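Colleague: Chains F and Z, in that order, are what the protein sequence lines are. Note that the numbering used here has the first sequence beginning at 26, numbered continuously upward. Note that the numbering used here has the second sequence beginning at 7, numbered continuously upward.
None of these hints come from the bench; they were simulated from the model. Any given hint could be a false lead.
[What the hints assert, rightly or not] Below, simulated SDA-like cross-link-like pairs (lysine to any residue); rule was C-alpha separation at most 20 angstroms, straight line:
no.	chain 1	residue 1	chain 2	residue 2
1	Z	K108	F	D106
2	Z	K28	Z	M52
3	Z	K108	F	N56
[What the hints assert, rightly or not] Now the stretches of chain Z that chain F is said to cover, found in silico as 3 or more residues with beta-carbon under 8 angstroms:
no.	stretch
4	44 to 52
5	101 to 109
Computed from a predicted model, the values in this text were never measured in an experiment. Just so it is clear, CB atoms sit at the ideal spot from N, CA and C, and this is done for glycine as well.
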Amino acid sequence: AQTVTQSQPEMSVQEAETVTLSCTYDTSENNYYLFWYKQPPSRQMILVIRQEAYKQQNATENRFSVNFQKAAKSFSLKISDSQLGDTAMYFCAFMGGSGGSYIPTFGRGTSLIVHP
Amino acid sequence: ETGVTQTPRHLVMGMTNKKSLKCEQHLGHNAMYWYKQSAKKPLELMFVYNFKEQTENNSVPSRFSPECPNSSHLFLHLHTLQPEDSALYLCASSQEWTAPTKAFFGQGTRLTVV
Chain F
26 AQTVTQSQPE
36 MSVQEAETVT
46 LSCTYDTSEN
56 NYYLFWYKQP
66 PSRQMILVIR
76 QEAYKQQNAT
86 ENRFSVNFQK
96 AAKSFSLKIS
106 DSQLGDTAMY
116 FCAFMGGSGG
126 SYIPTFGRGT
136 SLIVHP
Chain Z
7 ETGVTQTPRH
17 LVMGMTNKKS
27 LKCEQHLGHN
37 AMYWYKQSAK
47 KPLELMFVYN
57 FKEQTENNSV
67 PSRFSPECPN
77 SSHLFLHLHT
87 LQPEDSALYL
97 CASSQEWTAP
107 TKAFFGQGTR
117 LTVV
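Build the full structure now, drawing on both the sequences and the hints.
Modeller: Structure, rendered in structure tokens:
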């Protein structure tokens, strides 16, 4: 079974600074997908960024980028130029194709607070 | 808005009550999911439906009973719940579970069992 570990329950950052959220996972699969989801206080979870394991290039989406280290099974999220609206819970998720089904497995989440 | 709507947003129920949570999506997705989100725990997958057929039941107690009448609607019927069942229940959908497409989530139902 896959597991996803987010070792930082809470993080805080000053507005306009950079913060990195960590995520590690455990799997025996070679082909899989990794995601970061954001859950603001409104509770609706939205996708931030996605990475395919077969791609060596790290995914980027505007101020959000990942550092994907496949050998280390590490998938950290970097948020640059943090904004107050980035305050949210961030969940790392793994999606493998074991048995032909892709069901996301989530970590416990990291609560990020951006201070003005 | 992600296109996945859950009702009600909040629910308080006694341990002897029967209630239902509703999830609706009109994204054309064929896979729908129920997750339980408790404080300081990973999201726990409860049920998966793919093309209206239940494909996963993650050892969920029988006091939780899912129903998927069509690809757009998913229900979670609740009866004789326990206080430890209090949590945020999230519904999600994706194109289908045999493809690694992203999941779209609803806003959740905050359930309190008293």
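Colleague: When the structure is checked against the list of hints, which entries are broken? Sort them ascending.
Modeller: The structure breaks only hint 1.
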